[in-house]
Amino acid sequence: MFRYIVRRLLQLIPTLLGLSLILFLWLHRLPGGPETAILGERGTPETRLKLRHDLGLDQPLWIQYARFMRRLITGDLGVSINTHRPVTTEFMERFPGTVELTVSALIIAIGLGIPLGYLAARKRGGLLDYSSVAGSLLGVCVPIFVLAYLIKEVFAVKLGWFPSAGRQDVTIDATRVTNFYVLDGILTGEWDAAADALKHLILPAMTLATIPLAIIVRMTRASVLEVLGEDYVRTAQAKGLTERTVRGRHIMRNALLPVVTTIGLLTGGLLSGAVLTETVYAFTGIGQFIAESIDHRDYPVLMGFIMFVAIIYVTVNLLVDVAYGVIDPRVRVR
Amino acid sequence: MSASRLRTVTAVLAASVAVSLALAGCQSKRDDTSTSTKKDKLVFGVAGDAKVMDPALASDGESFRVARQMFEGLVKPEEGGTKIVPSLAESWTPDAAGTTWTFKLKTGVKFHDGTDFNAEAVCTNFNRWYNWSGLMQNQDISSYWQDVFGGFAKNESAELPPSLFKSCTAKDAATVDIALTRVTSKFPAALALPAFSMQSPKALKDFEADKVGGTADNITYPAYAQEHPVGTGPYKFVKWDHTNKAVELVANDSYSGDKAKIKTLIFKTISDLTARKQALRSGEIQGYDLVAPADMKPLKDEGFNVLPRPAFNILYLAINQSGNPALKDVRVRQAIAYAVNRQAIVDSKFPTGSSVALEFQPPGLDGYNDAVTKYDYNVDKAKQLLADAKATNLKLDFYYPTEVTRPYMPAPKDIFELITADLAKVGITVTPHALKWSPDYLNAVQTGKKHDLHLLGWTGDYADAYNFIGTMFDRQKGEWGFNNPELFAQFKEADSEPDQAKRVEKYKALNAKVMEFLPGVPIAHGPPAIVFGKDVTGVKPSPLTDEKFATAYYTS
Numbered sequence: 001m002f003r004y005i006v007r008r009l010l011q012l013i014p015t016l017l018g019l020s021l022i023l024f025l026w027l028h029r030l031p032g033g034p035e036t037a038i039l040g041e042r043g044t045p046e047t048r049l050k051l052r053h054d055l056g057l058d059q060p061l062w063i064q065y066a067r068f069m070r071r072l073i074t075g076d077l078g079v080s081i082n083t084h085r086p087v088t089t090e091f092m093e094r095f096p097g098t099v100e101l102t103v104s105a106l107i108i109a110i111g112l113g114i115p116l117g118y119l120a121a122r123k124r125g126g127l128l129d130y131s132s133v134a135g136s137l138l139g140v141c142v143p144i145f146v147l148a149y150l151i152k153e154v155f156a157v158k159l160g161w162f163p164s165a166g167r168q169d170v171t172i173d174a175t176r177v178t179n180f181y182v183l184d185g186i187l188t189g190e191w192d193a194a195a196d197a198l199k200h201l202i203l204p205a206m207t208l209a210t211i212p213l214a215i216i217v218r219m220t221r222a223s224v225l226e227v228l229g230e231d232y233v234r235t236a237q238a239k240g241l242t243e244r245t246v247r248g249r250h251i252m253r254n255a256l257l258p259v260v261t262t263i264g265l266l267t268g269g270l271l272s273g274a275v276l277t278e279t280v281y282a283f284t285g286i287g288q289f290i291a292e293s294i295d296h297r298d299y300p301v302l303m304g305f306i307m308f309v310a311i312i313y314v315t316v317n318l319l320v321d322v323a324y325g326v327i328d329p330r331v332r333v334r
Numbered sequence: 001m002s003a004s005r006l007r008t009v010t011a012v013l014a015a016s017v018a019v020s021l022a023l024a025g026c027q028s029k030r031d032d033t034s035t036s037t038k039k040d041k042l043v044f045g046v047a048g049d050a051k052v053m054d055p056a057l058a059s060d061g062e063s064f065r066v067a068r069q070m071f072e073g074l075v076k077p078e079e080g081g082t083k084i085v086p087s088l089a090e091s092w093t094p095d096a097a098g099t100t101w102t103f104k105l106k107t108g109v110k111f112h113d114g115t116d117f118n119a120e121a122v123c124t125n126f127n128r129w130y131n132w133s134g135l136m137q138n139q140d141i142s143s144y145w146q147d148v149f150g151g152f153a154k155n156e157s158a159e160l161p162p163s164l165f166k167s168c169t170a171k172d173a174a175t176v177d178i179a180l181t182r183v184t185s186k187f188p189a190a191l192a193l194p195a196f197s198m199q200s201p202k203a204l205k206d207f208e209a210d211k212v213g214g215t216a217d218n219i220t221y222p223a224y225a226q227e228h229p230v231g232t233g234p235y236k237f238v239k240w241d242h243t244n245k246a247v248e249l250v251a252n253d254s255y256s257g258d259k260a261k262i263k264t265l266i267f268k269t270i271s272d273l274t275a276r277k278q279a280l281r282s283g284e285i286q287g288y289d290l291v292a293p294a295d296m297k298p299l300k301d302e303g304f305n306v307l308p309r310p311a312f313n314i315l316y317l318a319i320n321q322s323g324n325p326a327l328k329d330v331r332v333r334q335a336i337a338y339a340v341n342r343q344a345i346v347d348s349k350f351p352t353g354s355s356v357a358l359e360f361q362p363p364g365l366d367g368y369n370d371a372v373t374k375y376d377y378n379v380d381k382a383k384q385l386l387a388d389a390k391a392t393n394l395k396l397d398f399y400y401p402t403e404v405t406r407p408y409m410p411a412p413k414d415i416f417e418l419i420t421a422d423l424a425k426v427g428i429t430v431t432p433h434a435l436k437w438s439p440d441y442l443n444a445v446q447t448g449k450k451h452d453l454h455l456l457g458w459t460g461d462y463a464d465a466y467n468f469i470g471t472m473f474d475r476q477k478g479e480w481g482f483n484n485p486e487l488f489a490q491f492k493e494a495d496s497e498p499d500q501a502k503r504v505e506k507y508k509a510l511n512a513k514v515m516e517f518l519p520g521v522p523i524a525h526g527p528p529a530i531v532f533g534k535d536v537t538g539v540k541p542s543p544l545t546d547e548k549f550a551t552a553y554y555t556s
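Chains as they are written, first to last, in full-length UniProt numbering: chain A, 1 to 334; chain B, 1 to 556.
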């Protein structure tokens, strides 16, 4: 297993190299550059040219790429053209927000999705089944930004239970340790800050969880239904095993395989969902920052982010493969 | 999943929901008891992050908004207007040649760090800007200095023009002479820009304000510009929470003028327009900028203080004369002007208080001319002009931006559709080109020959006609595609006229000339609005977005 993981990690290097080159060329071929975004309406041909020169964007692409790679190798992602702050600092400050958000959304989606899907399959044709199927269809269909506004209107504006924007009340003077706000509050014993951060997290996490929740419910339901018809389940039941053992050892263990694969894929998708959710909730994560960086053609930020996400994506998929081995004894890596 | 695990997960989820609800309840109770402290703070929602705290390095509205609370310049726009009035300077007079200006300064003013504001401090600031070298000459770093004053003491790039600034002399503690290399209408009006605010010489030195880091493509701001801005204004810097997207200021108890009424002022970035509105309605913020025109009435009806700014902008339909050759003929451009029903656009797409634009600068600004050629909606005349120019069945490429609203352009697509329908009535067919505002759209319409028509506008920086019509038409530009040396020379002449009265007359003549030449069709002046909570008042909306929050207070 260890060798397998090392081999998979080594495979990352050519993948990331190729990816970086393609994306670098593609980004720099997009019409318009950061100079247009920076200067806006006040841009003149002269000022735009001067700014391109000042930013080093008038140099041959291969020189720019070489410079980017040289920095990357030393672990330096460069400086944002828009904010003039190191890209690494920007990521360290913002990425925890996105992780907090996506992990919370995943917990909600998995925690509710699998039990609901299982119950819907076991009570097939019942009220729970129909309502979960209808609910999940709705969850997939309603766009995130529409849902977000509706949720906010009810829970923040009308009921006032939760805040509608931000990661933490701006008047709270919280100590930052890891930039995971809830965790920071717990670590420093600032319970007010932790509670406030958690409150800010709930609505965005609920919003972001909707689509994965709907998909997990449907996947689990379909998968459990399929397994329920298998001979080994009937055999297990026939030989008098308890309901709990049949469910735990035979049904769920087999039914969860496709669900785990789906969760792996959904994790990547959650990042794109996070862009919208973060924007609508003014939740200061990486998604919102990237959306702004695209508008600004902030090449260092975009390149850094793409490399970053590529590594995460490949790592998550690696973890999914490893999880296969744990869940299903038939899939053992040689 | 085993049954026990299933139960555990369900239990954890149930517990989470219970905790959340308890938190919600807990917060509501806390809010009820903390109303007395709530009045000490004002959180204002803004659409984007400030870029930098040193206004001399800023060129974006959000940095300027924060700077306007912490810093003061020698002059400022009058409250709620554009006229230049005294700020740190009590008076100013030019010499006979109009190139050396003597400023009499206020006395007894101190910077936030306790040091004195005086003539020496003024010269330190001017000399700082003028002597910038290396990366500080980067267009992105010293944008407004380059816009207004051109170059530096030692230009390091051939693209930089000679500097307009010549020298600064402190004659005594309260008198300073600023000498220019030539007469310009920009001075002293441009000094009202936050970029030319007075900053503490001690703080600039202590925190190495000019020490930008990195290389040309990798510039980092100095510590001063991020954490230690020091001015003379009614608010002082506390912190800039990048992670939480908030800038916190506190009232300056030693301020020389009227002290701020609300102790803590926070600017919080909420980029999404609807999210800003919801945050105001839920009480998380007490005001925000860039109210959508469609929200103005509903918010007012709910009791919020909606404050439309006097319009200091222009939306125009630009005509690119290097696009379709027919557009070189002034009769075709006139036909387009007559074809567009501008009143209908203003009535249906702009907020109350907007007006049809007759020329490329707003009324009320010196140089505005009531007697310019007017192009009232007239379909027959437009058809006749097109026939005369043998340009019937004209086909034009019309560009408009998406995913954007600008203060002067509330609904680009709707405006585009109305104009397209109007043009169709006179036989002009358009091919629509919708592009994302930044940078695609701006890039497409500011360069090249592909675009024939496009929508764009301008919001004034300071009260001078040149800032509108000069910026647009004083030289050959890709946006308009014409070369008119006579017009360009006339602009140069007006800019360098030392006599204020004569200069105004020259700008009036220029406005008339531009509307005869008709490089595009001015459409509207639309007032953008800010809004405050039901119990917040005292802020006067400014056409230059120069709102001072020090005057804000809670009514209950």
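None of these hints come from the bench; they were simulated from the model. It is possible that part of the hints are untrue.
[Unchecked claim] Cross-link-like lysine-lysine pairs, in silico, DSSO-like; alpha carbons within 30 Å at most:
no.: 1; chain 1: A; residue 1: 158; chain 2: B; residue 2: 534
no.: 2; chain 1: B; residue 1: 390; chain 2: B; residue 2: 449
no.: 3; chain 1: B; residue 1: 383; chain 2: B; residue 2: 413
no.: 4; chain 1: B; residue 1: 383; chain 2: A; residue 2: 158
no.: 5; chain 1: B; residue 1: 259; chain 2: B; residue 2: 492
no.: 6; chain 1: B; residue 1: 300; chain 2: A; residue 2: 158
no.: 7; chain 1: B; residue 1: 300; chain 2: B; residue 2: 374
no.: 8; chain 1: B; residue 1: 186; chain 2: B; residue 2: 110
no.: 9; chain 1: A; residue 1: 158; chain 2: B; residue 2: 259
no.: 10; chain 1: B; residue 1: 39; chain 2: A; residue 2: 158
Which numbered hints are broken by the structure, listed smallest first? Hints 4, 5, 7, 9 not satisfied by this model.
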